[in-house]
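Residue numbering for the sequence shown follows this note's numbering, beginning at 5 and increasing consecutively.
Hint data in this document are derived by calculation from the structure and do not stem from the laboratory.
Just to be clear, a hint being listed does not mean it is correct.
What the hints assert, rightly or not - Listed next, the in silico SDA-like pairs over lysine to any residue satisfying Cα-Cα at most 25 Å (straight line):
no. : residue 1 : residue 2
1   : LYS77     : THR90
2   : LYS68     : ARG57
3   : LYS77     : ILE87
4   : LYS88     : ILE102
5   : LYS42     : THR64
6   : LYS77     : ILE65
7   : LYS42     : ALA54
8   : LYS88     : GLN67
9   : LYS88     : LEU74
10  : LYS77     : GLN67
11  : LYS42     : PHE24
12  : LYS68     : TYR55
13  : LYS42     : ARG61
14  : LYS77     : ILE62
15  : LYS77     : CYS89
16  : LYS88     : ARG76
17  : LYS68     : THR82
18  : LYS88     : GLN98
19  : LYS68     : ARG78
20  : LYS35     : ASN20
21  : LYS88     : LYS68
22  : LYS68     : HIS58
23  : LYS68     : ILE87
24  : LYS42     : ILE62
25  : LYS77     : TYR91
26  : LYS42     : PRO31
27  : LYS88     : TRP69
28  : LYS35     : TRP46
29  : LYS77     : ALA54
30  : LYS68     : VAL83
31  : LYS42     : ASN20
32  : LYS77     : HIS58
33  : LYS35     : GLN21
34  : LYS42     : VAL63
35  : LYS35     : GLY49
36  : LYS77     : THR64
37  : LYS42     : VAL28
To be verified - Pair ranges (Cβ atoms, derived):
no. : residue 1 : residue 2 : range
38  : SER15     : HIS58     : 57 to 67 Å
39  : LYS68     : VAL29     : 51 to 61 Å
40  : VAL29     : ILE62     : 25 to 35 Å
Beta carbons: idealized from backbone N, C-alpha and C, even for Gly.
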Amino acid sequence: MATLARLQARSSTVGNQYYFRNSVVDPFRIKENDAAVKIQSWFRGCQVRAYIRHLNRIVTIIQKWWRSFLGRKRYQLTVQVNIKCTYVSILIVQYAVIYSP
5 MATLARLQAR SSTVGNQYYF RNSVVDPFRI KENDAAVKIQ SWFRGCQVRA
55 YIRHLNRIVT IIQKWWRSFL GRKRYQLTVQ VNIKCTYVSI LIVQYAVIYS
105 P
């Protein structure tokens, strides 16, 4: 019985010590948690900004390819139109020479 009484007395002091130690450490834990959240948000923000820069570079490359493709197509059409116009003008001159009175 004596040991039971000692353990009960000790348990109340241990409980008080546990509560006191946690109450002292809790503000530090909160501060540490806030610091960890800030560090994580900063790191994730850096990652997202780097990814957005990467996407911007890739989109720029795709736009350059597409615009150069369209430019080449437009140039080919211009050349074909010029060739056809030249051919038609040659035919007109030949017709005029042949059928001139």
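For the pair supplied as a hint, LYS68 and VAL83, is the alpha-carbon distance within the 25 Å limit? Distance ~22 Å between LYS68 and VAL83 Cα, so the pair holds.
Does THR82 lie within 25 Å of LYS68 when you go C-alpha to C-alpha? Distance of about 21 Å is within 25 Å: holds.
Quickly compare the C-alpha distance for LYS42 and PHE24 to 25 Å and report which way the hint goes. violated (28 Å)
Compare the distance between the alpha carbons of LYS42 and VAL28 with 25 Å, and conclude whether the hinted pair is satisfied. holds (23 Å)
Need the status of pair LYS77, ILE62: alpha-carbon distance at most 25 Å? holds (23 Å)
Measure nothing beyond the straight line between the CA atoms of LYS42 and THR64; if it is 25 Å or shorter, mark the hint as holding. violated (33 Å)
Pair hint LYS77 and HIS58, alpha-carbon separation not exceeding 25 Å: Between LYS77 and HIS58 the Cα gap is close to 29 Å, so the pair fails against 25 Å, i.e. violated.
Is the Cα-Cα distance between LYS42 and ILE62 25 Å or less? Distance of about 30 Å is beyond 25 Å: violated.
Hint consistency between LYS35 and GLY49 [alpha-carbon to alpha-carbon, up to 25 Å]: holds (21 Å)
Within 25 Å, alpha carbon to alpha carbon, are LYS77 and ILE87? holds (15 Å)
When you check the alpha-carbon spacing of LYS77 and ILE65, does it fall within 25 Å? holds (18 Å)
Mind checking the alpha carbons of LYS42 and PRO31 for me, to see if they're no more than 25 Å apart? holds (17 Å)
Hints 5, 8, 11, 13, 21, 23, 24, 27, 29, 31, 32, 34, 40, counting from the list given before, are not met by this structure.
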